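A.B. asks: Below, each chain spelled out in residue letters.
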Amino acid sequence: MSSAPELNVLKPADYASDQDVRWCPGCGDYSILAQMKKVCAKLGMDRSKTVFVSGIGCSSRFPYYMNTYGFHTIHGRAPTIATGLKLARPDLTVWMVTGDGDALSIGGNHFIHILRRNVDVKILLFNNRIYGLTKGQYSPTSEVGKKTKSTPMGSPDNPIRPISLAIAAEATFAARAIDIDIKHLEYVLERAAKHVGTAFVEIYQNCNIFNDGAFDFATDKQSKADTTLYLEHGKPLIFGKNREKGIRLHGMNPEVVSTAEVKADDLLIHDERTSDPSLAFLLSRMRYPDSPEPLGVFRDVEQPCYGDLVAQQIADAKAREGEGEIQKLITGPDTWTVT
Amino acid sequence: MISTVAEQGVGDGSAAIKPRRVVPDVTVRFAGDSGDGMQLAGTQFTDTSALVGNDISTLPDFPAEIRAPAGTLAGVSGFQIHFSSSDIFTPGDAVDALVAMNPAALKTNVRSVKAGGIVIVNDDSFGANDLKKAGYASSPLEDDSLARWRVIRVPIDKLNQAAVKDSGLTAKQMDRCKNFFALGMCYWLYDRPLEPTLDYIVQKFGKKLPAVAAANAATLKAGYHFGETAELLGEQYRVEKAKLAPGVYRKITGNEAVVIGMAAAARLAGKELFYASYPITPASPILEGVADLKEFGAVSFQAEDEICAIGAAIGAAFGGALAATGTSGPGVALKSEAIGLAVMTELPLVVVDVQRGGPSTGLPTKTEQADLLQVMFGRNGECPVPVIAPASPSDCFAATVEAFRVATRYMTPVMLLSDGYIANGSEPWLVPDFAAMERMTITHPTTANDGEEFLPYLRNTDGSRPWAIPGTPGLEHRIGGLEKEDVTGSVSYDPANHQRMVRLRAAKVAGIEPAGAAYLWTGPQSGELLLLGWGGTFGAIKAAALELAKQGVAVSACHVRYLNPLPADLGDILKRFAKVLVPELNMGQLRLLVRGKYLVDARGLNKVQGQPFTIGEIVEGAAAFLRGEIASESRIVSTELPTAQTVLSSEG
Ligand code: SF4
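Chains as they are written, first to last, in the numbering used here: chain F, 1 to 339; chain R, 1 to 652.
Since the hints were made in silico from the structure, they are not lab data. These numbers were taken from a predicted model, which means no experiment stands behind them. Backbone N, C-alpha and C fix where the C-beta goes; we use that ideal spot for every residue, glycine too. Certain hints may be false.
With the C-beta cut set under 7 Å, the calculated list includes, among others, these residues of chain R facing chain F [unchecked claim]:
id, residue
1, C308
2, A312
3, L363
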């Protein structure tokens with residue numbers, strides 16, 4: 001390692017650490033790692049000022065493979081460590097890598113609180129709908145009826161929809177991508193990197209060992225045009241191989257209509273920047289097989305960052321009272337003298 | 001009558017008509033309903049006593065419920081203050097004067113009053129309904145159940161109302177002033193000036209609520225004049241200034257001292273303080289205190305739960321901040337896994353545990369010392385953590401600074417083990433000179449430490465790894481909770497490496513040099529009996545040792561501040577005494593440690609009543625031990641009325 005200042009000429013490979021990557025061959029995590037490194041290089045991210053914080057699970061090994069600063073923490077607690085780090089060091093760029101079990105089960109509480117505070121941390125949730133590292137138990141995003149080692153008769157649990165939860169928790173940025181749709185994944189990661197505030201990205205990630213094919217509906221060449229819908233700000237919601245289908249609002253419900261029969265103006269127009277979260281929430285409820293699943297940026301709004309508000313209070317207090325004097329604090333307002 | 005005396009000035013000489021007796025020390029307790037303002041009355045009495053130069057020690061004692069049903073036993077809130085003309089170490093074994101604002105307060109507190117002591121009752125609150133709520137079948141004022149005390153019946157409600165009737169306040173607001181009438185009476189009884197409290201009233205209400213300020217001032221004066229004029233209170237007492245070491249003093253509670261200690265430590269280290277916490281009794285005042293230090297650049301973070309609080313502190317420590325989290329026993333239980341992460345990643349962090357009665361939710365507002373083994377061992381794996389326990393409210397300042405010195409020098413989380421008694425209790429504090437305090441030298445490496453390479457787990461002679469922080473070009477590295485390879489810090493599952501790392505972490509903690517006194521000593525270097533203690537029991541044990549020495553017992557007291565690692569010479573100390581008694585507010589946790597480590601037949605004196613030791617309990621326990629009456633491993637302090645209370649307060 002050299003301590004020479006880095007110029008913005010790093011290539012994706014320069015963001016790789018010297019550790020051997022230990023995910024199973026064929027795991028979706030590889031693609032995410034590759035796109036992340038691409039985005040780092042593209043944005044010229046300073047390795048010394050970038051920190052990847054993770055929890056526990058297959059996804060959470062991610063920091064070991066990045067040649068930045070990294071912290072592989074404990075199960076579910078990555079948001080807490082990322083929050084403290086960002087508050088203490090606003091100058092750092094903090095990314096957080098987590099999984100469906102880590103973020104939504106054991107760490108559910110921290111997940112909603114980092115979002116509602118709008119801490120300037122980018123969160124990548126690798127959703128494979130299974131516990132991989134513990135060898136195949138169902139997760140909080142597994143579908144009802146899912147048969148696993150811990151649910152031999154099928155899971156009776158209603159799954160969490162991560163984007164619905166994120167929006168309910170006041171997320172200022174929420175997006176979804178798929179591991180193997182690398183161009184789009186790269187686009188979404190770049191959008192997340194540029195968002196100021198908590199950016200939440202759900203990534204459909206295939207666990208080819210314990211839950212292979214969970215996202216086939218969205219990746220299969222034959223069907224994906226009908227089962228997914230790419231969101232674009234300001235554009236009508238259109239999908240299908242020949243863009244022959246669109247989404248129209250019927251009361252409070254999205255319905256699939258034929259673009260041949262319905263004018264583009266009458267289709268639902270995507271607006272990721274509206275302050276009202278209702279549209280983003282509505283989109284987060286669209287789920288295969290009832291409707292196509294939206295991909296892309298659901299919501300991207302500007303709100304004050306937590307760290308800025310905290311720093312502002314400190315600046316205000318100093319402006320009002322001057323830099324604190326320790327001796328005055330120690331002595332306190334009421335004293336008496338013994339002679 | 002009241003209107004006449006209210007017109008007189010205070011201290012106009014008329015008090016001289018009554019006899020005034022000088023006594024060495026006095027213990028007063030204010031007791032009433034949670035809503036009666038007893039904590040405020042007690043705090044004001046304390047502040048005034050400190051300002052007139054007495055030594056002081058206080059014991060606030062309040063219920064866990066903010067407002068339990070009015071008038072019930074569960075809702076009684078008390079504040080005890082011991083003030084003296086000489087050095088004192090405890091809030092007083094027995095009470096000289098009790099102010100009981102209602103029957104419930106009388107019932108729960110009168111047993112603490114010395115025989116012959118003064119019991120001032122609010123005569124207006126002894127109606128049939130009040131008595132019923134307190135569980136009295138008939139009025140204790142009418143039978144002889146209070147015969148051993150000097151009961152003074154004062155119609156406090158009516159006198160207060162008369163004093164504030166022209167204030168323009170509502171009836172309810174007027175009634176809320178009555179604590180200051182009671183305070184005024186006590187000020188007269190113990191010859192204290194009114195000015196400090198009058199100043200407080202102006203400061204607190206003066207501008208915003210002038211009518212409230214005027215009413216409180218009026219009833220305070222009325223209470224004082226009532227004492228002066230009415231024959232009821234009898235003679236006046238006086239406690240001269242204490243002969244404390246010369247210097248400037250302030251009053252301080254343990255929680256305040258922790259807050260100030262954190263701010264001072266940050267300044268000594270040239271760093272910003274980061275304190276993350278989740279509200280919990282009795283540690284919340286630390287969070288509130290740090291939240292008020294913004295002009296010092298301190299970040300206070302109220303987390304969503306105990307785990308987030310420590311997680312955020314660990315994140316801040318990774319970033320290079322001087323980080324701490326604080327809680328009580330239940331919170332420590334929740335933080336355990338994260339403390340292990342800080343041990344594994346070897347990051348500096350202070351974890352404050354203000355102990356309270358347990359297990360589970362236990363007794364939130366009462367004190368106990370039952371978390372020692374939890375903080376020593378309550379984690380998975382071999383997970384050693386240094387433990388420092390302050391001995392008194394003011395010692396919390398030094399102990400906090402020391403905790404940060406140890407944490408940063410040895411790159412480790414440190415447990416600071418306070419308790420509810422010293423956290424809320426107060427005493428005078430000789431104000432330290434910040435400029436004379438030793439700075440903390442902390443270095444963050446900026447270059448590789450092994451040729452071209454940076455090795456995050458390459459240790460120095462203290463056994464500490466470098467504190468390289470993000471933002472440093474060329475030192476990019478990854479840490480985490482998985483076992484580390486020695487020197488490189490890479491993930492390692494190698495059996496020999498794991499054993500080496502477990503031993504390296506243990507050796508680092510075992511080799512810690514205390515950053516302050518490892519223990520506090522009282523008495524000769526050897527003798528018949530050693531009282532071995534730790535934490536908030538310091539005052540009671542020291543006072544008991546002095547009392548026993550007066551009785552001719554060859555006794556010493558060793559009060560351990562560094563519980564992990566234990567003082568290097570503790571083994572030798574134990575050998576120099578024929579007998580060792582360990583008084584603790586638990587079932588024998590330090591005792592278990594010293595018996596295990598030093599193979600010494602230490603016996604215990606144990607109390608788990610949510611209350612601190614009285615001096616008498618320790619004197620009696622030690623005497624029993626010397627008579628050979630502690631045959632088993634420990635003696636449990638009785639919950640019966642102590643016999644020492646038969647001494648009349650008037651006998652001085
Ligand atoms: S178990 Fe599944 S998620 Fe984990 S590394 Fe293997 S394929 Fe990837």
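A.B. asks: Would you mind marking each hint as holding or not holding in the structure?
C.D. replies: Hints and how they fare:
Interface hint at R:C308: satisfied, since its Cβ lies 4 Å from the closest Cβ of chain F, which is below the 7 Å cut-off. At a threshold of 7 Å, the smallest CB-CB gap from R:A312 to chain F is about 3 Å, leaving the interface hint in force. Interface hint at R:L363: violated, since its Cβ lies 27 Å from the closest Cβ of chain F, which is beyond the 7 Å cut-off.
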